[in-house]
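Colleague: If you want the building blocks of each chain, they are given just below.
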Amino acid sequence: MSLTNYLVLASLLFAIGASTVLLRRNAIVVFMGVELMLNATNLLLVTFARMHGDLSGQVIAFFVMVVAAAEVVIGLAIIVQIFRTRRSASVDDVNLLKS
Amino acid sequence: MTGGFTAPQIDWAQLAPIIIVLGAGVVGVLVEAFVPRGVRRNVQLALTLLASAGALIAVAALWSGVRETGGTSVVGGSILLDGPALVIQGVVAALTLIALLVVADRTETGESAFAPAAAAVPGSDYEQLARRAGLEQTEVFPLIMFAAGGMMIFPAAGDLLTMFVALEVLSLPLYLLSGLARRRRLLSQEAAMKYFLLGAFASAFFLFGVGLLYGFAGSVRLDAIAEATTTVVGLDPLMLAGVAMLLVGLLFKIGAVPFHSWTPDVYQGAPTPITGFMAACTKAAAFGALLRVVYVVVPSIVWDLRPALWAVVILTMAVGTLVALVQTDVKRILAYSAIAHTGFILTGVVALTSSGITSVLFYVLAYGAASIGIFAIVTLVREVGPDGVVLGEATHLSQWTGLGRSNPWLAVTFSLFLLSFAGIPLTAGFIAKFTAFSAAVEGGATPLAIAGAVASAIAVFFYVRIIVLMFFTDAPRAGDRTGAEVTVVKSEGLTTVAIALTALLTVLLGVFPSPVLDLMAQAAKFIP
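Chains as they are written, first to last, in the working numbering: chain F, 1 to 99; chain B, 1 to 528.
Source of the hints: derived by calculation from the structure; they are not laboratory data. Quick reminder that beta carbons are idealized off the backbone N, C-alpha and C, glycines included. Hints are supplied without guarantee of correctness; some may be wrong.
[What the hints assert, rightly or not] Among chain B residues calculated to face chain F with C-beta under 7 Å, some are:
1. N42
2. V121
3. D125
4. L161
5. E168
6. L186
7. A192
8. M193
9. A204
10. F208
11. G211
12. Y214
13. G215
14. P237
15. A318
16. G443
Chain F on its own, in the form it takes in the complex:
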């Protein structure tokens, strides 16, 4: 199977993640969209590493996993805190800050 297919798949996953962020209302789901985007990028990096016969793409994918894990910690802390305060994790309910 051609490696290009993986690139197409990565782009599709990235697009799905981005649409999730833009369209869904629940903060947790929005956040999952971001995670999907990061993982799509991992696939992209690993595929390109294979194409170039170069290891650095795979190493970057490991770094991305670590960063994504750190981001989950911070993100869930913030979202859970909001949920405990408002009993809702919808991004539409969070609208006190307006001009």
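Starting from the structure of chain F, add chain B where the hints point.
Modeller: Then chain B, alone, in the frame of chain F:
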């Protein structure tokens, strides 16, 4: 695939500023664990102040070496310590030092700007208990150190992986810090969530851009990508998409239109000392990184990107200025003014001349100093409850009427910063704008300079409106005031020191700018 790994030679001395700051963050976490609560705040404060002063000294010590050699590449080229990187590191260290004073300050009654227990639900019994017990969230100090460490790596990153990690290291603590305000905690938490979701979204774009550029060039080193833009043929769409997505991530961090929507909300909701820190230091670091990407990677493809960059610059100046005109909240006005300033600094970036680099370096220092000072003043103007208890900040514009009569010194300093933002001669803001616009003219971007001048002229209106409000409008008498009473709270004095320092810097950079400008002109050269 090739095997074998050679460990890079690491010149630790070159990394001293970064190591000092990040080391202080790590030690700060240990302090949280092992030092008794009573002295924890003082230990943290001393540690972080010493660390940022130490980083500043380390930058000064590295300066002559960098000036002679033009810069060195450290850690196998992952960190490039050249003139612009070192200047930004110095600016970040100095501004962090001043911002820390504002962050650490407390009112006379011992209230800091941060929630006593950030995990407590606002309005709950537990929060009341924590408040009464005098708890303090001293984790803000190590968090600030980590953010500052990321900000010092960001402009010095020699490859896109380092740049991405630095971006996250500087962003993650800031997301948390924005949610820690003592007053108006719902707004603060909301700001944290918006900043986090949008920031993570932008980082994902940045990262996908890194992936595309890696596919294009077979390396994430900036010099290798720059070389590939001239040698690799037939993959232009990949490269352009990669650079565009990379720029989305960077433009988000500096708050350029159309990636600015987080700025007003986060600036308003975050604890005001953190807003000042964020406005000054994040902007400096992100502009450092943006400069490196634009000056090292983009030059050979500048004709493809020019229309888009120009559109971003003009939109940023226009939206920032025009929307600020109709705002009624002081912090929101300053946030939109920050967006407008992003546009002004960007004119220096897209100039693509060496004087453009100088102007950006000078501008982030001048703007950063003034914004820390101005947000420090905002922390002092408070509402008073009916029983005389000092409440949150009085940020509505109408509450600032007559402040010039009751607190002339405060109002005069506030006006000084506003005039600097407006770019009135004899303030740092004038020199900064002048160098940025003349760099734009020199670099063939005259329309941007003209648009910038027009936007500055419009912006004068809302800056002067605040000054008029403070000095020449009668304060409503106690009886017919609709909102709460307003007072200027007495603090432990650290904020006053910070305001004095930033005001001094604003005047000095405005009256004697040449030594600093010369210094930055010597530094204005990237090593590939």
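Colleague: Going back to the hint list, which numbers does this structure go against?
Modeller: Checked against the structure, the hints that fail are numbers 1, 3, 14, 15 and 16, while the rest are satisfied.
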